[in-house]
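Position chain R against the provided structure of chain P, taking the given hints into account.
Which chain is which? The protein sequence lines are P and R, in order.
Just so it is clear: in the first sequence, position 43 is 24 by the numbering used here, and no numbers are missing.
Just so it is clear: in the second sequence, position 263 is 244 by the numbering used here, and no numbers are missing.
Quick caveat, the hints were computed from the structure, so don't treat them as lab data.
Heads up, a few of these hints could be off.
Result set (DSS-like, lysine-lysine): computed pairs, CA atoms no more than 27 Å apart in a straight line [as the list claims (entries may be wrong)]: (1) P:296 x R:296; (2) R:296 x R:137; (3) P:296 x R:137.
Just so we're clear, the structure is a prediction, and the values are computed from it rather than from any experiment.
Protein chains: 2
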Amino acid sequence: MPLEADRRWLGAAARLALRGRPLSRPNPAVGALLVSPLGRVVARGWTLAGGRPHAEAVALKAAGPAANEATLYVSLEPCAHQSQRGPACADLVAASGIARVVIGCGDPDPRTAGAGIERIRQAGIAVDLIDSPACAASLEGYLTRAHRGRPHVTLKLALSLDGCIALVSGESQWITGVEARAHGHLLRARMDAILVGGGTLRSDLPRLDVRLPGLESRSPERWVLTHGDAPPGWQALPSPTTLGQAMPQAQYLLIEGGAGAAAAFLAADCVDRLAIYRAPIVIGGGQPGIADIGLTGLSEAHGRWALSDSRQLGKDRLEVYERNPCSPA
Amino acid sequence: MPLEADRRWLGAAARLALRGRPLSRPNPAVGALLVSPLGRVVARGWTLAGGRPHAEAVALKAAGPAANEATLYVSLEPCAHQSQRGPACADLVAASGIARVVIGCGDPDPRTAGAGIERIRQAGIAVDLIDSPACAASLEGYLTRAHRGRPHVTLKLALSLDGCIALVSGESQWITGVEARAHGHLLRARMDAILVGGGTLRSDLPRLDVRLPGLESRSPERWVLTHGDAPPGWQALPSPTTLGQAMPQAQYLLIEGGAGAAAAFLAADCVDRLAIYRAPIVIGGGQPGIADIGLTGLSEAHGRWALSDSRQLGKDRLEVYERNPCSPA
Chain P
-18 MPLEADRRWL GAAARLALRG RPLSRPNPAV GALLVSPLGR VVARGWTLAG GRPHAEAVAL
42 KAAGPAANEA TLYVSLEPCA HQSQRGPACA DLVAASGIAR VVIGCGDPDP RTAGAGIERI
102 RQAGIAVDLI DSPACAASLE GYLTRAHRGR PHVTLKLALS LDGCIALVSG ESQWITGVEA
162 RAHGHLLRAR MDAILVGGGT LRSDLPRLDV RLPGLESRSP ERWVLTHGDA PPGWQALPSP
222 TTLGQAMPQA QYLLIEGGAG AAAAFLAADC VDRLAIYRAP IVIGGGQPGI ADIGLTGLSE
282 AHGRWALSDS RQLGKDRLEV YERNPCSPA
Chain R
-18 MPLEADRRWL GAAARLALRG RPLSRPNPAV GALLVSPLGR VVARGWTLAG GRPHAEAVAL
42 KAAGPAANEA TLYVSLEPCA HQSQRGPACA DLVAASGIAR VVIGCGDPDP RTAGAGIERI
102 RQAGIAVDLI DSPACAASLE GYLTRAHRGR PHVTLKLALS LDGCIALVSG ESQWITGVEA
162 RAHGHLLRAR MDAILVGGGT LRSDLPRLDV RLPGLESRSP ERWVLTHGDA PPGWQALPSP
222 TTLGQAMPQA QYLLIEGGAG AAAAFLAADC VDRLAIYRAP IVIGGGQPGI ADIGLTGLSE
282 AHGRWALSDS RQLGKDRLEV YERNPCSPA
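Just chain P, with the same shape it has in the complex (with noise of 0.2 Å):
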């Protein structure tokens, strides 16, 4: 099989894998197709909710007998380890009859960490991995955990083109229009936990919750930046470097303000991407969307975002930045 056609397959089983998100907490969101050595798909899976059963045992399950000389392939390694709420998918994948196995992204969990592999080799099963960024980017709430220790962190600012967020009134609804404000429900429903500043939640009470048809189970817990208590229903985190203890099991954290709380996220540098939605309008001297972050020089500035997508939304246009990995940590 052409390498070419195998990251194709890896990026069908990324795609699925993202079916999981977030519901697969605390196990990362994997994907998984079984593809008989015709080209036909033969099976699919993804992880479900609670993180168990996992992608290759949902769709071994699927396929039965016909998963017999199929392919598999899966965005994550194969986890090693028996658990009481379940087999090792490494001794499914090894019983299964399958050829061959294509993996996305190896498993930084020690407990598989290239023993996956190792077991289903063992059975005499055809094992490449394949670093693929499409299954890399399908994980990266499970790798920021692994590599940083904490959720990946999505900033979310609905600016102006002059970057305000409100006029000085404090008059901010809506700065976007429907188009972007169902785009922002979407990334909220792919997130496991989301904050506010300690201001925001006493002037504008946010519910925070998702508002989309189908979607409203999705509601990501909600957590605001606050040395005090946080209120019924929230959860207080008095430092962003506190992010990856005081949020065990959480992959994906979404940031929607305050100037105050991004800034502090900036500052501690505990931000991965920024969503930024601008409308086509200028305020003119209203409230910035990010307070002081500590720059001492303009340099200091430069280098740490890389533009990953654009996208018009009704008027307004949503432009993602991914934290440059070469910026310094």
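Same frame as chain P, but now just chain R:
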């Protein structure tokens, strides 16, 4: 000749016209093409420096006898008024032996306004006036003067993602990279005049000249927004509302900052285009690019601007917004 081909030739005439900008002042920058019955370009012309000769005169002279039976494509209606500086183009065209004239935009100048077309028709030459957006765009400075009594105004801003033009300390060199800054010089080279606020003049002492090889002579007139006196080499504009009288010959004005000058022109509704060079950096709590423009509610901010162009310039993005013609005047 099908309309689509006529439009394409008018588009080519509009592109040619840009070669005359801004040195054609005080005349509009016009482009003209003579096309043979077989569809071959037999001559081209654009308004020369100082405004004479006009584009049609240049093309007809270059064509000589080859003008016979040709079609003249011209971005603006040929002038009907003879002056000490040259003959009326309508008379030249009427006597040229060409078969047809296609015009991309009627001339709002009352000395011509339809009289140019009429004179050519009386000579037995077919004339089509086609409303060409490309021709109108190439004449926007001339048309803005005719309709609004002032030059076409572009507000240029070099902004961070959060809308800042400098750190709180005032450090502003550089927000954008070399590609964006070179593009900014190209923008200057197409302007008749350039303006900054008094604060920017005092603090930055900007040269505001064009530093592109071969275009140094295109440096525009320098203006400062002030009720006081202008330093040598500069002219003073007391208020955006006096723009039309203060610069009677300028067709294109560029506002280069700072935040107060930008706000003054926006508040007076004297900005036709925003050219935002957007750097992929976050400043956080820096100096905003646009000061108070007197909005009393967010609804006043909406519907005024529409994205017309967006392009990558090195690491930066250029976003161009046009004043919405339907917005309140």
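Are the Cα positions of residue 296 of chain P and residue 137 of chain R separated by 27 Å at most?
Measuring from Cα to Cα gives roughly 21 Å; hence the hint holds.
Decide if the proposed pair is consistent with the structure: residue 296 of chain R and residue 137 of chain R, CA atoms, cutoff 27 Å inclusive.
Given that 27 Å is the threshold and the Cα spacing comes to 18 Å, the pair holds.
Take a quick look at whether residue 296 of chain P and residue 296 of chain R sit within 27 Å of each other, Cα to Cα.
With Cα atoms ~24 Å apart, residue 296 of chain P and residue 296 of chain R stay inside 27 Å; holds.
Checked against the numbered hints above, the structure breaks none of them.
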